[in-house]
Amino acid sequence: MKLYTKRSILFLLIAALLFVACSNAPAEVVEVTRIGTDPIAVDETTQDNETIVVEGESVVVTRVVTEIVTEQVEVEAVAPAEESADAAVAGSPLPLATAPAGGTTPEQPPAPRVEVTPSAMFFEEYGVNPYILTEVDNLSTFSLDVDTGSYSIARRYLQDGLMPPPEAIRVEEFVNSFDQGYAIPPNTAFAVYADGAPSPFHTDGTYFLRIGVQGYESSEEVRPSANLVFVIDVSGSMAQENRLGLVKQSLEILVNRMRADDTIGIVVYGSDARVVLPPTNGSDRSTILSAIYSLETEGSTNLEAGLLLGYEQANRAYKFDGINRVILASDGVANVGNTSADGIAAQIRGYADSGIQLTTIGFGLGNYNDIMMEQLADQGDGNYGYIDTLEEAENLFVDNIMSTLQVIGLDAKIQVEFDPNVVQQYRLIGYENRAIADEDFRNDTIDAAEFGAGHTAVAIYAVQLVPGAQGRIATVNLRWQDPDTRVVKEINGVFTTENLARSFDEAPLHYQLAVVVSQYAELLRDSYWVEGFNMRDLQIRAERLASQMNDEAVWELANLISYSR
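Per this note's numbering, residue 36 is the first one in the sequence shown, and the count goes up by one each step.
No wet-lab data here; the hints were simulated from the structure.
Ideal Cβ positions, reconstructed from N, Cα and C, are used throughout, including at glycine.
Keep in mind that a hint or two might mislead.
Unchecked claim - Derived CB-CB ranges, DEER-like:
1. 468 to 385: 17 to 27 Å
2. 240 to 306: 52 to 62 Å
3. 575 to 429: 29 to 39 Å
4. 468 to 389: 20 to 30 Å
5. 306 to 429: 30 to 40 Å
6. 456 to 389: 44 to 54 Å
7. 389 to 324: 24 to 34 Å
8. 506 to 468: 26 to 36 Å
9. 240 to 198: 27 to 37 Å
10. 506 to 381: 38 to 48 Å
11. 389 to 565: 38 to 48 Å
12. 540 to 479: 36 to 46 Å
13. 335 to 377: 12 to 22 Å
14. 540 to 322: 51 to 61 Å
Make the full structure from the sequences, and use the hints.
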């Protein structure tokens, strides 16, 4: 046998032995750490790249000569800042992981975890508003809505890798979850805004109108003293997902914002209701927090008894010329006593009429009653929020604490009068469960929404104009009752074709965002009127807006849309 043949055979044998040895080598677990940053505003001259690695995850590597990753965590590369800036100037949509011009890349969130679809979720199907011919009815009347619970619940579904049920989607609560960019009225309780532009999603001449109401802001230092009673659900269902633990952490945030002249009481309910802490001065934080953190889950769910006892405590500690509010923290489940939303709501109506408002805050996914929480807030002259993270608790109790606590308008309602000579037909997108009969707009015995300091409420209309018509599109009327003087007030403003932007992209960014959010909600609820566009179209718009506005909430929206595709 020739020498080179022997060498070849020997080489192949050695290679085979090495291959077998490496393939049988035990896998080594290497711990790595994720370091990431939220998007921040930086000087445009700062071009540093961000380093992202993976936190709290284990990857398996097999060592031969180099490390071969067998379970790899993917990190999308970040485009150079110069290219990002050029793309933003050109107006083209930017990739999700690309930094806004002049900023750094927000941390790419982990893919949503896929969980089993939650059971025992209760939502109400309110339908979808149709188009209405102005020749038949040119008045659109509804109660304002400042709730945001629907968006927070949908976000929880999507981040868990699940699609929210269509009946869980209330368009107005999606839109109202985002900043509208309105100026705060300087010397009056409310200001009414309107803008509009051609739809980027339709080719039939559709325009979107955004009609908004902005309330004045009041500082914490000058607000009236507050009488708050926490009604906390400690039933067995609150043990799931550490719901009660999140309630404790959330209420601690609120307690830390209270003043010495405020009072806080605590009522809990499981199979029955009891007072854990009578109204106590806000300066005694240690006593209040000790009472909160001492709570443990127990028994069934007698929501009726807990809520009524909470109102009794609030009524006994009532502050004249002050803020009087019951705050219900629950998953909305009731299985002892009166268990219907209408039945419980009827019992608290008298307290609401006498000046004690109700805020309902939902916790948990699975065994959750959205119907109960929303309807109680409506009948209790208050607002409804949903907390799934501490960040959302901070948004409710820190960033928007005055909106949560202080009411500046009672029974606030809107009537939009469209001009039949200019508007052919219109459709109110959302507010299906807030409709008021047109003839009841000036009937002040009709219950409507309560409006908090600094609150913003927005309605989106789709309208089709009479071809070639010019002039007044609509007159917007806002009517409310002053909570201090009980005097009923009304203001109005006119919106014309001259106020329309020439194109969607020329309209204000906050207007564009409101429209994109409304259409996202329409897609999620399988609206009959959604056609000609899909989630990918909305994702492109959301990513562009997130880059232009450099807003973390809009980046989150873009991510949620990507989960929905």
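Cross-check of the supplied hints:
{"no.": "1", "hint": "468 to 385: 17 to 27 Å", "result": "holds, 23 Å"}
{"no.": "2", "hint": "240 to 306: 52 to 62 Å", "result": "holds, 60 Å"}
{"no.": "3", "hint": "575 to 429: 29 to 39 Å", "result": "holds, 31 Å"}
{"no.": "4", "hint": "468 to 389: 20 to 30 Å", "result": "holds, 25 Å"}
{"no.": "5", "hint": "306 to 429: 30 to 40 Å", "result": "holds, 33 Å"}
{"no.": "6", "hint": "456 to 389: 44 to 54 Å", "result": "holds, 47 Å"}
{"no.": "7", "hint": "389 to 324: 24 to 34 Å", "result": "holds, 30 Å"}
{"no.": "8", "hint": "506 to 468: 26 to 36 Å", "result": "holds, 33 Å"}
{"no.": "9", "hint": "240 to 198: 27 to 37 Å", "result": "holds, 32 Å"}
{"no.": "10", "hint": "506 to 381: 38 to 48 Å", "result": "holds, 47 Å"}
{"no.": "11", "hint": "389 to 565: 38 to 48 Å", "result": "holds, 44 Å"}
{"no.": "12", "hint": "540 to 479: 36 to 46 Å", "result": "holds, 43 Å"}
{"no.": "13", "hint": "335 to 377: 12 to 22 Å", "result": "holds, 21 Å"}
{"no.": "14", "hint": "540 to 322: 51 to 61 Å", "result": "holds, 56 Å"}
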